[in-house]
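Given these sequences and hints, build the entire structure.
Number of protein chains: 2
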Amino acid sequence: MSEYKTMTKEELLTEQEQLLKRYNEYKAMGLKLDMSRGKPGKEQLDLSNDLNKISDYIEDGVDTRNYGLLDGIPSCKKLFADLMGVDTKNVIIGPNASLTLMFDYISQCYTHGAGDTPWCKQGEIKFLCPVPGYDRHFTILEYFGIKMINVAMTEQGPDMDAVEELVKDSTVKGMFCVPKYSNPQGITYSNEVVERIAALKPAAKDFRIIWDNAYCVHDIVDDGDELLNIFDVLGKYDNDDMVIEICSTSKITFPGAGVSALIASDNNIASIKKRLNAQTISYDKMNQLRHVRFFGDAQGVLNHMKKHAAILKPKFDIVVKHLNEELADKGIASWVEPKGGYFISLDVMNGCAKRVGELCKEAGVTLTSVGATYPYSYDPNDSNIRIAPSFPPVDELDLAAQILCVSVRLACIEKLVG
Amino acid sequence: MSEYKTMTKEELLTEQEQLLKRYNEYKAMGLKLDMSRGKPGKEQLDLSNDLNKISDYIEDGVDTRNYGLLDGIPSCKKLFADLMGVDTKNVIIGPNASLTLMFDYISQCYTHGAGDTPWCKQGEIKFLCPVPGYDRHFTILEYFGIKMINVAMTEQGPDMDAVEELVKDSTVKGMFCVPKYSNPQGITYSNEVVERIAALKPAAKDFRIIWDNAYCVHDIVDDGDELLNIFDVLGKYDNDDMVIEICSTSKITFPGAGVSALIASDNNIASIKKRLNAQTISYDKMNQLRHVRFFGDAQGVLNHMKKHAAILKPKFDIVVKHLNEELADKGIASWVEPKGGYFISLDVMNGCAKRVGELCKEAGVTLTSVGATYPYSYDPNDSNIRIAPSFPPVDELDLAAQILCVSVRLACIEKLVG
Chain A
328 MSEYKTMTKE ELLTEQEQLL KRYNEYKAMG LKLDMSRGKP GKEQLDLSND LNKISDYIED
388 GVDTRNYGLL DGIPSCKKLF ADLMGVDTKN VIIGPNASLT LMFDYISQCY THGAGDTPWC
448 KQGEIKFLCP VPGYDRHFTI LEYFGIKMIN VAMTEQGPDM DAVEELVKDS TVKGMFCVPK
508 YSNPQGITYS NEVVERIAAL KPAAKDFRII WDNAYCVHDI VDDGDELLNI FDVLGKYDND
568 DMVIEICSTS KITFPGAGVS ALIASDNNIA SIKKRLNAQT ISYDKMNQLR HVRFFGDAQG
628 VLNHMKKHAA ILKPKFDIVV KHLNEELADK GIASWVEPKG GYFISLDVMN GCAKRVGELC
688 KEAGVTLTSV GATYPYSYDP NDSNIRIAPS FPPVDELDLA AQILCVSVRL ACIEKLVG
Chain B
328 MSEYKTMTKE ELLTEQEQLL KRYNEYKAMG LKLDMSRGKP GKEQLDLSND LNKISDYIED
388 GVDTRNYGLL DGIPSCKKLF ADLMGVDTKN VIIGPNASLT LMFDYISQCY THGAGDTPWC
448 KQGEIKFLCP VPGYDRHFTI LEYFGIKMIN VAMTEQGPDM DAVEELVKDS TVKGMFCVPK
508 YSNPQGITYS NEVVERIAAL KPAAKDFRII WDNAYCVHDI VDDGDELLNI FDVLGKYDND
568 DMVIEICSTS KITFPGAGVS ALIASDNNIA SIKKRLNAQT ISYDKMNQLR HVRFFGDAQG
628 VLNHMKKHAA ILKPKFDIVV KHLNEELADK GIASWVEPKG GYFISLDVMN GCAKRVGELC
688 KEAGVTLTSV GATYPYSYDP NDSNIRIAPS FPPVDELDLA AQILCVSVRL ACIEKLVG
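Residue numbers (my numbering), protein chains in the order written: chain A, 328 to 745; chain B, 328 to 745.
Just to be clear, a hint being listed does not mean it is correct.
Repeated chains share a single entry, so a pair holds when one copy, or any two copies, can fit it.
[Claimed, not checked] In the BS3-like style, the derived pairs of lysine-lysine whose C-alpha atoms are separated by at most 30 Å in a straight line are:
no., residue 1, residue 2
1, K453, K640
2, K336, K380
3, K369, K528
4, K681, K600
5, K380, K405
By construction, these hints were calculated from the structure, which means they are not laboratory data. It should be emphasised that the depicted structure is a prediction, and the values quoted were computed from it without experimental measurement.
Structure, rendered in structure tokens:
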């Protein structure tokens, strides 16, 4: 097989004819396959069922059933502190969704500011968004009317030349990052990129980076990526207050009923607690205790993640296998094979992604809404597709990946033959 | 015994001497008694331990462990809808703390408005606060810089003449209400008051009432108070969008790990879901299912509340007994004996409440911070004391109530003898 761009129109039409035959066979199967969201599969959820077998809800004299302990029970704070390599005092345990911690922090900056003046009193403000990125980050920014500026991702992380230039604008107030196994590309920021982020000198004194470390322990291979702990570096540049780190057990225990955590400097913890004190009496401490008892310690979490990896690896493999077999040498698509996280990011020929989504849908395969990996759901190249292989069983994925590959090839041929 | 105001200075000094003797005996006991917060006692928490014995987390094909169902699982929505006498479509199940639902709704109005213009873009705005009231409501308003205006409580609810007059000011944007067994007085709004509230014609089109029905099923006697369902009346006045009702199981199952719910008109539900969609993927559905399985239906909740009443009634009784015995005929204090809720509100002679708090503290009894029942922690009469009898065991309450009564008498004598 050769690159599509070098093929004659006639060759392409023959190829199209063969592919359509396959495509129609798939279509006739009346499938309903879902690769749209980063949802753990049932087998993964079952790994944590024992979490609920706890019967004693008292710890260190604290009755977790009752009110109190705004920032979480000490043992749960310690669990996250150990896991993330920070001090317990810099941890706040949050609700079941880390998204809520991020929304609430942006909301806090909007109404009360991260410095002297609330963001809502500063006219138009902007955030940097490495792209492709996580749609729910963009949704938060859009909700608050914060203008989003795309920054290209490289294989090392965000294009730091661009970031360093953009932060000279004092209306640029922050950036959303998924520094490990980025959503959707699975790229882990290099040490140099983390260091350059920590060293930023933004014109805005109230510049904040949301460091969404959603996949901090989510390796799918033994030699997973290593991410530099940004809190070990920030001090050197007097930037401790610049970063708010977020993580959760959504993809460790239960997506709907896990525990989230926020990690921040002493100053930021104090200002967040001030809001929290008006917002709640405490998050669910019984659930915090369940997690502590289930894992024992940070090593317990890491051991548990090996079980997830054993389930996820074959799912990633089957998708990558088909991408390699069907798309590798055609010059119409590229992807990174990630060592962890929840996604495979596929870039197809410009102007073809939406059409791929349509073809997949017609054949019964749901992808993440094409475009959603960009702010305002607008992918300027119409090229990025996010594949979420975690939820379907392997046999379904096997089919879904084939349908995806055929759809990519068909969409590109349509584009080339015009 | 006679009214203190009719006694001579000499008689008062004799009385003081006797009381001081008792007071010092209490003090010498080195007690540490807490009547500060409306926390259920251990015996109450134990009533719900079986909540955690659920082992199957699938319902109607929905795996509650996973992502999804933004507004809650259908069966939990139905449970609350039945309990509160509304349609399921008008219910959103929230997080473990109803306080968060209230904070978030005010936050939503502040950043996005309840009409055309966000509250944060309208200059100074105001809220009406029936007093005495719940300190955490005031904390939310203070956090957002919303000016609080005191409205006196009557035995029927807020002084509606005052409310009707105040809402003619278009900068008055709302009111916080605890309509059943109000915090702290235990007053249930009369049908006439509920009707007049439903019929309000505020100058502000974006006027919102937070109807914090925290004690909706929290009777401690068999013939508990009946509260008119405001959603049955609002339509008559074309005011459906004016009220946001809130409730929770904090004082039904676990204060730290219950389930909250918000009840609102179709319009309000839609606008709240728009924010929610940016703020979370779902609240803790496993916990919702635990509650559904534990109670079965609304009647199950009511049956369960009888068990709470059996524990709480003797606690209220012992406090009321001492108030009656020691304070009834001295003309220095008044209170309402509530049929439910979590508090007894004690009004002492003007200018004496803070001193009562000091005396209690010195003798080892912690009351709710005196003044906290008023906005800005400022009780203009320095007269209101909130008693929370739920947490301590009866024998401790017995002592604490005696110390409180002696402290009230001493503080008033100090004031009278000058």
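Hint check:
1. For the identical chains of this complex, K453 and K640 are neighbours neither inside a copy (38 Å) nor across copies (57 Å), given an alpha-carbon limit of 30 Å.
2. Taking the shortest Cα distances, K336 and K380 never come within 30 Å of each other, neither inside one copy (64 Å) nor across copies (66 Å).
3. Taking the shortest alpha-carbon separations for K369 and K528, neither the intra-copy value of 45 Å nor the inter-copy value of 53 Å comes in at or below 30 Å.
4. With identical chains, the CA atoms of K681 and K600 are at most 30 Å apart between copies only, with a shortest distance of 28 Å across copies and 44 Å within one.
5. In this assembly of identical chains, K380 and K405 lie within 30 Å of each other by CA distance both inside one copy and across copies; the values are 22 Å within and 27 Å between.
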